[in-house]
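**Q** If you want the building blocks of each chain, they are given just below.
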Amino acid sequence: MKKTQFIFIIVFAVVVLVISPFIGSIKIPFSALTDFGHTTIASKIFYNIRLPRVLTAFIAGAALACCGVALQAMFRNPLATPFTLGISGGAAFGATVYVLIAAFLPIWLGPVLFSFFGSLAAAIFIYGLTKLKRGFSVGTMLLAGVVVNFFFSSLILLLQYISDFTQSFQIVHWLMGSIEANGYAKPKIMFIFTAAGVAIIAACGAKLNLMSIGDEIAISRGVNVRGTRKIVFFATSIMVAGVVAFCGPIGFVGLMAPHICRLLIGHDHKILTPASVLFGGGFLVLCDTIARTVISPAEIPVGVITALLGGPFFVWLLIKDNGTANAG
Amino acid sequence: MNQTVIEIENLCFAAAGKAILNSVSFSVSSGQRLYIVGPNGAGKTTLLRCLSRIVGGFRGDIKIKNQDLKSYSQKNLAKILTYVPQSLDADIPFTVHQFVLMARYPHLSPFSVITPNDEKIVRDAMEMTQTDCFAHRIISTLSGGERQQVSIAAAVAQQAEIFLLDEPATYLDYKHQNDIQSLLSKINKTLDTTLLCVTHDLNAAVLNADAIIALKQGRIVFAGSAAEIMNERTLEEIYGKKFQFVCHPLTGQRIIVPDTIK
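In order, the protein sequence lines correspond to chains A and B. Mind the numbering: the first sequence is residues 1 to 328 in the working numbering, read in order. Mind the numbering: the second sequence is residues 1 to 262 in the working numbering, read in order.
Be aware that one or more of the hints could be misleading.
Computed footprint of chain A on chain B; a stretch qualifies when at least three of its residues, placed anywhere within it, have a C-beta under 8 Å from a C-beta of chain A [to be verified]:
1) 25-35
2) 52-61
3) 91-97
BS3-like mimics (lysine-lysine), calculated; alpha carbons at most 30 Å apart, straight line [said to hold, decoys possible]:
4) Lys270/A <-> Lys241/B
5) Lys320/A <-> Lys131/A
6) Lys75/B <-> Lys270/A
7) Lys242/B <-> Lys262/B
8) Lys79/B <-> Lys270/A
9) Lys131/A <-> Lys70/B
10) Lys63/B <-> Lys131/A
11) Lys79/B <-> Lys230/A
12) Lys262/B <-> Lys189/B
13) Lys3/A <-> Lys131/A
14) Lys63/B <-> Lys75/B
15) Lys75/B <-> Lys242/B
16) Lys131/A <-> Lys79/B
17) Lys320/A <-> Lys3/A
18) Lys63/B <-> Lys230/A
19) Lys3/A <-> Lys120/B
To be clear, the hints were calculated from the coordinates, so they are not data collected in a lab. Every residue gets a Cβ at the ideal spot worked out from N, C-alpha and C, and that includes glycine.
The shape of chain B in the complex, shown without the other chains (with noise of 0.2 Å):
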């Protein structure tokens, strides 16, 4: 927790004459995990999407380790910073080894010659996330877990310091939601990567948060930390209704729980 690595100041987004995004401004310092919370529509895709440069058009300020966002050269901004998509594609023809093996794009020189350096890096990285045991099948025959894997193993091959996560583990089973969380919370330890992780889970967020944002039509109306936000008034607020909670067993986190419908 020091340096500030991502600074937002009064980002406005809008698309088709809506704004999507309504004077965003908060700051990210290295190695926090902060997740990005609220109902649906709020803006959470929309902003990793600016910050990852996948939409442009966008106005106020975003700082990457000081230094202004549109000042990069997109090769040179996805050494610092990378977006896991909700999902990959089913339909990618690629293999697991080829596809993270691409990730060392933005480091290659013009002319994308592979160096054992590079082979060694995608190596570790699919060692990291278990990816190394079905490293030549096809990404096109994998489960969605064993994808979203994939998906986390090209990013840490591509080295970035800061993920963007969308939604790295909602439409997971159980199973897989736990690996996938313990997976991102080894790579931020060990690796001592940022994670910006969007998410509907909110359990996931206040059991794995540093810190946590909520935003609502594009507004950020909660900023804190997960004990903060786990209270009857701000989430009505956020959510519009009311919740139940419970205390976790081993924690002793609060956490929601499902309501009962008659």
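Only chain A is shown next, with the shape it has when bound in the complex (with noise of 0.2 Å):
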């Protein structure tokens, strides 16, 4: 049905995907990729830095985009997103917690574990918000998110102010969003934080049809709104945990993501779900490959581009909606 623009998303992520590796200051001859031996500069740098860097990108973008996409679902309104809902900002803390008590306290997978706390000490919040109140306002809704949000900013200033310089220097740099990666393993983590959560919310998609019409009528079908609601925070604290323990929080791809793709491909969730996780992926690995490429070889952390391209964005969405985005 919506076949052909299914078709484009796919062929924008397998490119976006293939030519990135190659952008950036320093030129890599195709000589290089089949030198499994690293032996060159390139080489080392191609498949160390680069291939490693648009993975994680990749899988951090393919990450938000799922969440928004069933957040905006549940919620109703296209301004849902674990960013407004202040969930990256309970991970945000989760993780500067972390970077305080590492020294003493080393963990394994310490800073996604903390992460993964914060988002869900988030998400439990507003699951509680829409449990008290029934037939949640656009206004409140994101009301509540810039509360949790500014409570847990609030909580690293506090955190920044009483730790040393370089702790302090290290959390305003991971703050500001930034894809960096040197080897896979960070990648590697994030894939499955990511894949299992993706895996949950794809597995969704019939629930999450009937619950963007509405509660009564998910009800009325068969749909066990609460139980789903609760495997969505689930699923959307995981992931947010995982891309924001290693790229900070970057705001705006699980906003934009879902959206152009529902413009694209409509509202079916078992196909746009996959759309949004291949879109958000490209994405994030264009916006990455144009912060790191802009002023080379200085990089912009990839949180300011996709935070210059998302306000105007998402102000063009209020505009669009007249405010009212179909309030639940």
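Build the complex: two chains, separate frames, hints provided.
**A** Written out as structure tokens, the structure reads:
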């Protein structure tokens, strides 16, 4: 039905994935690709720096887009994302806590684990609010998200204040959202988290379709709405934790990717979810490639690029829906 | 008219400390068309919402097909019973066909694979409700009457044997009101569907119902036949106003006429 558009999205993701590792301040000759012993610098750069980085960006973008799709369907609101709901904020706080305690309490997968606690705490808070007040309005929900975000960023500021100079710099740099990778350790862990989350959300396709129509319809069609909400919040927390722990709170991908995909291929989550995952991945790779090349050899944090693109997009969404975007 | 499909005993429901339903008890038998009337705020819609488990936290016993409502999984409940809301939201971005197909959800396997059999059931449901002619239009482009037809088409495709209908026709024009009523009657006759219908339209109730229940302030104040409810004293007790009656020219059934206001 929307085959052409879906193929377009696949082609976009593949092309971006293939071309991006070649772009950068140092030229990579094709001969470097077959140099599996990494004897040349170009080959080392390609395999140990650029490729892992591109993969990290792709996985992060895919995860954030997947979260956006699920949350937007569940809240029946195009502005719902892990960022606007404060779930990213929670994860960021968790990771910051770990930066401070890592020196004397190193834990395996510590950053991800602490991010996960943070994102889960934020998700549980938002879930509690949705239970408290039925027929959640756009205004209330966004306001709650702003409050959660504000709360966690104040906590982060507090931690920064009491931390030493190196830690503080580390936190600031990471908070801006940057995708750096050296080898495949990071993308591997992120892949596991993201794959788990995406699988859960993809399996909820039929449920999300019904919930995007309305809770009453979903319930009378036999969807366990409360259970599904819990599952979605859990899956979102996993994915956000994976992304935020390694790349910082990158905003707006979760907002833009699902929306653009909805315009392209419609609202059926059985294809919207995979499409958004691919598009979100490709989109963040593109942003990251821009971030590391425009002022090369220096870099702009990728969060700055996505926010610069996403801010106006957010405003456009608000104006387009006249601020009343299908209130539940 | 045989087996009891819904049995409600002492149903109480309160929201924000205010009692909305107060020891409501009645039962519905298979294939029955039961209309529930009563003034605004009597708890009619809440009753349907309790039955479909859109709201929980009620007290009392509800049995659906001799099984406690609370012991059903949402999915198994949806195989038996469906709720048709007052109207579908105007902003649903799916096509009519997609929407009706989604009503197969309770019958699908966990991986939600749609079989040719599901497709056939959906086709039949759309044919029966005459929604097949606009199958590929987006719901948000339909008129109120068409949306109501689609809502009922989905309920048919869901193959539920009990329909809980909230004002299925009240806000439509005369032709569409008539279309929806005759569609419901057709569904009731050919599929032997039990209809529980909440309405403000007393005439529609007396002309279509097998039995009528009237709620007032969360209590049942009348339960009986169409002929029984159409008398001055009963209606004045329910609505707190006097009514004028005429006889229907074809059936002789007493119906109410609007007051003249000078």
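**Q** Now tell me if each hint is right for this structure.
**A** These are the hints, each one checked on the structure:
{"no.": "1", "hint": "25-35", "verdict": "violated (count 0)"}
{"no.": "2", "hint": "52-61", "verdict": "holds (count 3)"}
{"no.": "3", "hint": "91-97", "verdict": "holds (count 4)"}
{"no.": "4", "hint": "Lys270/A <-> Lys241/B", "verdict": "violated (54 Å)"}
{"no.": "5", "hint": "Lys320/A <-> Lys131/A", "verdict": "holds (29 Å)"}
{"no.": "6", "hint": "Lys75/B <-> Lys270/A", "verdict": "holds (19 Å)"}
{"no.": "7", "hint": "Lys242/B <-> Lys262/B", "verdict": "holds (16 Å)"}
{"no.": "8", "hint": "Lys79/B <-> Lys270/A", "verdict": "holds (22 Å)"}
{"no.": "9", "hint": "Lys131/A <-> Lys70/B", "verdict": "holds (19 Å)"}
{"no.": "10", "hint": "Lys63/B <-> Lys131/A", "verdict": "holds (26 Å)"}
{"no.": "11", "hint": "Lys79/B <-> Lys230/A", "verdict": "holds (24 Å)"}
{"no.": "12", "hint": "Lys262/B <-> Lys189/B", "verdict": "violated (43 Å)"}
{"no.": "13", "hint": "Lys3/A <-> Lys131/A", "verdict": "violated (38 Å)"}
{"no.": "14", "hint": "Lys63/B <-> Lys75/B", "verdict": "holds (16 Å)"}
{"no.": "15", "hint": "Lys75/B <-> Lys242/B", "verdict": "violated (45 Å)"}
{"no.": "16", "hint": "Lys131/A <-> Lys79/B", "verdict": "holds (26 Å)"}
{"no.": "17", "hint": "Lys320/A <-> Lys3/A", "verdict": "holds (27 Å)"}
{"no.": "18", "hint": "Lys63/B <-> Lys230/A", "verdict": "holds (28 Å)"}
{"no.": "19", "hint": "Lys3/A <-> Lys120/B", "verdict": "holds (24 Å)"}
Checked against the numbered hints listed earlier, the structure breaks hints 1, 4, 12, 13 and 15; every other hint is satisfied.
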